[in-house]
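Colleague: The primary structure of each chain is shown beneath.
Number of protein chains: 2
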Amino acid sequence: MFAPNGSLTGSIFYNPVKLIFGKDSTSKIGEEIASRGFKRVIITMGGASALKNGSYQQSIDSLKANNVEVVAELRDIRANPEVNKVREGVKLARENQAEAILAIGGGSVIDSSKALSLGAFFDGDVWDVPRATPPVSKRLPIFTVLTISATASEMNNGYVLQDDEKQLKVAYMHPDNFPTVSCIDPSFQTGLPWFQTVNGVVDAMVHTLELYAGADGSEETALQLDEGLLRSLVNCGHGLQKDPENYNLRANVAWAATLALNGYSGFSLRGGSWLVHMIEHALSAIDPAVAHGAGLGVLMPAVIEYLATKIGKKEVYDRWAKNVYGVDGYKAGMEAWVKDLKTWGHPTTMGELGFKKEQIPHIAKLVCDVGCPHGFTPEDVAAVIELAF
Amino acid sequence: MFAPNGSLTGSIFYNPVKLIFGKDSTSKIGEEIASRGFKRVIITMGGASALKNGSYQQSIDSLKANNVEVVAELRDIRANPEVNKVREGVKLARENQAEAILAIGGGSVIDSSKALSLGAFFDGDVWDVPRATPPVSKRLPIFTVLTISATASEMNNGYVLQDDEKQLKVAYMHPDNFPTVSCIDPSFQTGLPWFQTVNGVVDAMVHTLELYAGADGSEETALQLDEGLLRSLVNCGHGLQKDPENYNLRANVAWAATLALNGYSGFSLRGGSWLVHMIEHALSAIDPAVAHGAGLGVLMPAVIEYLATKIGKKEVYDRWAKNVYGVDGYKAGMEAWVKDLKTWGHPTTMGELGFKKEQIPHIAKLVCDVGCPHGFTPEDVAAVIELAF
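From first to last, the protein sequence lines stand for chains V and U.
For the first sequence, the working numbering begins at 1 and goes up steadily by one.
For the second sequence, the working numbering begins at 1 and goes up steadily by one.
Any given hint could be a false lead.
Claimed, not checked - With a Cα cut of at most 25 Å, we get these calculated SDA-like pairs of lysine to any residue:
id, chain 1, residue 1, chain 2, residue 2
1, V, LYS166, V, ASP380
2, V, LYS356, V, PRO378
3, V, LYS356, V, TRP344
4, V, LYS85, V, GLY158
5, V, LYS322, U, ASN248
6, V, LYS322, U, GLY217
7, U, LYS322, V, ALA336
8, V, LYS18, U, ARG36
9, U, LYS64, V, GLY10
10, U, LYS322, V, ASP328
11, U, LYS314, V, GLY239
12, V, LYS138, U, ARG36
13, V, LYS322, V, GLY271
14, V, LYS18, V, GLY54
15, V, LYS64, U, ILE12
16, U, LYS314, U, LYS331
17, U, LYS322, V, ASP318
18, V, LYS18, U, SER137
19, U, LYS91, U, ASP176
20, V, LYS28, U, GLY6
21, V, LYS322, U, ALA332
22, V, LYS28, U, GLY10
23, V, LYS322, V, GLU335
24, V, LYS331, V, VAL234
25, V, LYS331, V, ASP380
26, V, LYS18, U, ARG270
27, U, LYS39, V, ILE12
28, V, LYS18, U, GLY158
29, U, LYS242, V, GLY217
30, U, LYS242, V, SER218
31, U, LYS28, V, GLY6
32, U, LYS365, U, GLU352
Unchecked claim - Partial list, derived from the structure: chain V residues whose beta carbon lies under 7 Å from chain U:
id, residue
33, LEU8
34, GLY10
35, PHE13
36, ILE20
37, PHE21
38, GLY228
39, ASN248
40, ALA251
Calculated from the structure, these hints are not laboratory results.
Note that the coordinates shown come from a computational prediction; the quantities given were computed from them, not determined experimentally.
Just so you know, even glycine gets a beta-carbon here, dropped at the ideal spot from N, CA and C.
Could you build all of it, start to finish, from the sequences and the hints given here?
Modeller: Shown next as structure tokens:
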């Protein structure tokens, strides 16, 4: 799905995003936009958090200092972003002749901005952008100020968007749709609520593990790196639970989350699995209130169990258990996963997310309507979901 | 020196190189050059190996198929490349109106090509490019076909060049001087002599450790990743000694070596130390026959010992010993380092490199003439070199 990156025998790596990382990095965003010749931006953002954590004001100050005009604002982009909000953005961007997008927020805001970027130059409805052939070739450049680390959207070319009416959540990777510049100031995250912090950490861990699932064991460098990312996320997750305002821990999680899905972690891993995401996308398409990270964390052990026993991934997951948790066998790794989630107050069952067993066939059908990885049938997917109850 | 990449509180990450990795990746190079509008290239290369391993012929075939003309060839670039050869290249490129450079070779060839790239548009002598203010702004685009993995020059913006007469070896990082596209086909490396293989592995390990030396211990993500790189290099190094033609092992080393110095491994590590390289540069300036990797491998434990005891890096290196070799204390890590080098038939003392203790003051002076890291005096540097005898 994201950052496929082939195998040891054939891969392409390309990621031109300029990252400005650290305290006050946002103060550079105006200059980065202006120096590329853009004078009119549309700002995209979520709710009140960008106003509260200072990211909005810092961005505005930097734009002003560099004579970049804010010609429109698309506010209130929600988690699990929806296509109607992006349609609104496309209209705003066109009406106001925006020359670039400044996304201030997390993955939902940046994902919506990527759809808007292409939609602004697409003749049809923005929902159909992923099916355009050839791909939409013109786009609004995207600049981002990241306020929560989780999806790595700040440094990749993918987005996920849903249509509530269709109960459909679709991922799309456009070859050129990378942000031009992303500012990551971990200070903005020191005040995040704990559940959002955990969801971000878990999201990054699952990205890494989705990619890890593509291994056959010969990819020593990729596996060592991914195990390192996972250990760092576990260690920093525990650290942040005790000390949520610790800047360095936030910064380490931020860097790990970016690396977990910017092409590096997946290099040579055959595109990974993405079964966890496919099922989670169905869950949040049914109930947009399900946090992405929460759904992923619940489903992960079920997917490990299924892939280990049904498609020969046992040795790969045994290695994961050993090298990330120091335990023997993938089942012990799954227990370690669940134990950490419980320690972090994260849900661990489908029931806790509000789903009932009767919904399994419907969820499985939604997954397979979009497309099943590993050649799985709806029965396979149903069996995985069953394991997560 | 290379890829400074600040700290957790302030870093920039930017690497726009497109990597095409895997078997037959070279067959794409003509299209990559032609599609960017370049029709006239100068080829840069070393000695006979590019002719023997097939990389030269594959490149020529791909250029022909895409109507790209080879207007000149700069051959016989040696290891520890020298400025006179680059001067020759500048003349050739100008006389023949080359529009781009195709480097076929390892770090020396690519480094020379980077100097040539800037030198072609510099009014003065190419040796003075690093001291131009402002930096040279026009450059010949660089495309590379990598034939030996070690320096990561295929994916960074630095080069090292020496002047034999001056006994001076200087490193330079230009903000934009990245290759545009690099092809890495590990097949070309399956026939490499063992000493070149080891030198490449050791070079990549030392790059990682130079950066690691910049840590204060708070950079959990960077440290975990670098430990992963080091473990992979150790494991694959041992694997290749038994099975030098193993494609997957070559591919894992290739990817690790690229990551070891493309900005990724050094992110947040304050630019690292680079003391090992500074001293090694003096060694090969004195005797160009000293292989870069050989000098680095010999000096590494001495530098660890000195930094651990004199500038407070003991805990960082204790962590390294534990996480890379599973041993307690940095001294045990140094022993593991030396043991691996001996197993690999790599020199471990200055004497084996052909140096005598009488030369220590001269070497130390050369190092400090270029600039000493950590505020070290020539006496400090001499003490480090003494430890390596």
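Colleague: Each hint: holds or not?
Modeller: Status of the hints after comparison with the structure:
Between V/LYS166 and V/ASP380 the alpha-carbon distance is near 23 Å, which keeps this suggested pair within the 25 Å criterion. A threshold of 25 Å between alpha carbons decides the hint, and for V/LYS356 with V/PRO378 the separation of about 17 Å falls inside it, so the pair holds. Restraint check for V/LYS356 and V/TRP344: the C-alpha separation of about 24 Å stays at or below 25 Å, so the hint holds. Between V/LYS85 and V/GLY158 the alpha-carbon distance is near 18 Å, which keeps this suggested pair within the 25 Å criterion.
For the proposed pair V/LYS322 and U/ASN248, the alpha carbon gap of about 22 Å is at most 25 Å, so the pair holds. For a cut-off of 25 Å, the pair hint linking V/LYS322 to U/GLY217 stands: about 24 Å separates their Cα positions. Restraint check for U/LYS322 and V/ALA336: the C-alpha separation of about 22 Å stays at or below 25 Å, so the hint holds. A C-alpha spacing of about 22 Å is found between V/LYS18 and U/ARG36, which places the hinted pair at or below 25 Å, so the restraint holds.
Between U/LYS64 and V/GLY10 the CA atoms are separated by roughly 23 Å; this keeps the pair inside 25 Å, and the hint holds. Taking the CA atoms of U/LYS322 and V/ASP328, the gap is near 20 Å; set against the 25 Å cutoff, the hint holds. Taken as a hint, the U/LYS314 and V/GLY239 pair is honoured in the structure, with Cα atoms around 23 Å apart against an allowance of 25 Å. For a cut-off of 25 Å, the pair hint linking V/LYS138 to U/ARG36 stands: about 18 Å separates their Cα positions.
Annotation: proposed proximity of V/LYS322 to V/GLY271 holds, straight-line Cα distance about 23 Å (limit 25 Å). For the proposed pair V/LYS18 and V/GLY54, the alpha carbon gap of about 22 Å is at most 25 Å, so the pair holds. With a CA separation close to 23 Å, the supplied pair V/LYS64 and U/ILE12 stays within the 25 Å bound. Distance hint between U/LYS314 and U/LYS331 is fulfilled; the C-alpha atoms sit about 10 Å from each other, no more than 25 Å.
Taken as a hint, the U/LYS322 and V/ASP318 pair is honoured in the structure, with Cα atoms around 22 Å apart against an allowance of 25 Å. At most 25 Å may separate the alpha-carbon atoms for a hinted pair to count; V/LYS18 and U/SER137 meet this at roughly 19 Å. For the proposed pair U/LYS91 and U/ASP176, the alpha carbon gap of about 22 Å is at most 25 Å, so the pair holds. Between the alpha carbons of V/LYS28 and U/GLY6 the distance comes to roughly 16 Å, so the proposed pair stays at or under 25 Å and holds.
A distance of roughly 23 Å separates the Cα atoms of V/LYS322 and U/ALA332; the hinted pair therefore holds under the 25 Å criterion. Distance restraint check for V/LYS28 and U/GLY10: the Cα-Cα separation of roughly 12 Å lies within the 25 Å cut-off, and the hinted pair is therefore satisfied. Proximity of V/LYS322 to V/GLU335 is assessed by CA-CA distance (about 12 Å); at most 25 Å being required, the pair is judged to hold. For the hint pairing V/LYS331 with V/VAL234, the CA-to-CA distance comes to about 18 Å; that is within 25 Å, so the pair holds.
Between the alpha carbons of V/LYS331 and V/ASP380 the distance comes to roughly 20 Å, so the proposed pair stays at or under 25 Å and holds. Taking the CA atoms of V/LYS18 and U/ARG270, the gap is about 18 Å. The hint holds against a cut of 25 Å. Of the pairs offered as hints, the one joining U/LYS39 and V/ILE12 holds, with about 24 Å between alpha carbons and a cut-off of 25 Å not exceeded. A C-alpha spacing of about 18 Å is found between V/LYS18 and U/GLY158, which places the hinted pair at or below 25 Å, so the restraint holds.
Pair hint U/LYS242 plus V/GLY217 holds up; C-alpha atoms about 19 Å apart against a cutoff of 25 Å. Taken as a hint, the U/LYS242 and V/SER218 pair is honoured in the structure, with Cα atoms around 16 Å apart against an allowance of 25 Å. Using a Cα cut-off of 25 Å, the hinted pair U/LYS28 and V/GLY6 holds, with the two alpha carbons roughly 16 Å apart. Between the alpha carbons of U/LYS365 and U/GLU352 the distance comes to roughly 22 Å, so the proposed pair stays at or under 25 Å and holds.
Because the smallest distance between the Cβ of V/LEU8 and any Cβ of chain U comes to about 4 Å, under 7 Å, the interface hint for this residue holds. Taking 7 Å as the C-beta contact cut-off toward chain U, the hint placing V/GLY10 at the interface holds, the least distance being around 4 Å. Because the beta carbon of V/PHE13 sits about 4 Å from the nearest beta carbon in chain U, less than 7 Å, this interface hint is met. A least Cβ separation of about 6 Å between V/ILE20 and chain U falls short of the 7 Å threshold, and the interface hint therefore holds.
With 7 Å as the threshold, the beta carbon of V/PHE21 comes within range of chain U, its nearest partner Cβ sitting at about 4 Å, so the hint holds. For V/GLY228, the shortest C-beta to C-beta distance to chain U is roughly 4 Å, which falls under 7 Å, so the interface hint holds. Against a cut-off of 7 Å between C-beta atoms, the interface hint on V/ASN248 holds, since the closest Cβ of chain U lies about 4 Å away. The closest approach between the C-beta of V/ALA251 and any C-beta of chain U is roughly 4 Å, which is under the 7 Å cut-off, so the hint is satisfied.
Figure legend: structure checked against the earlier numbered hints; every hint is met.
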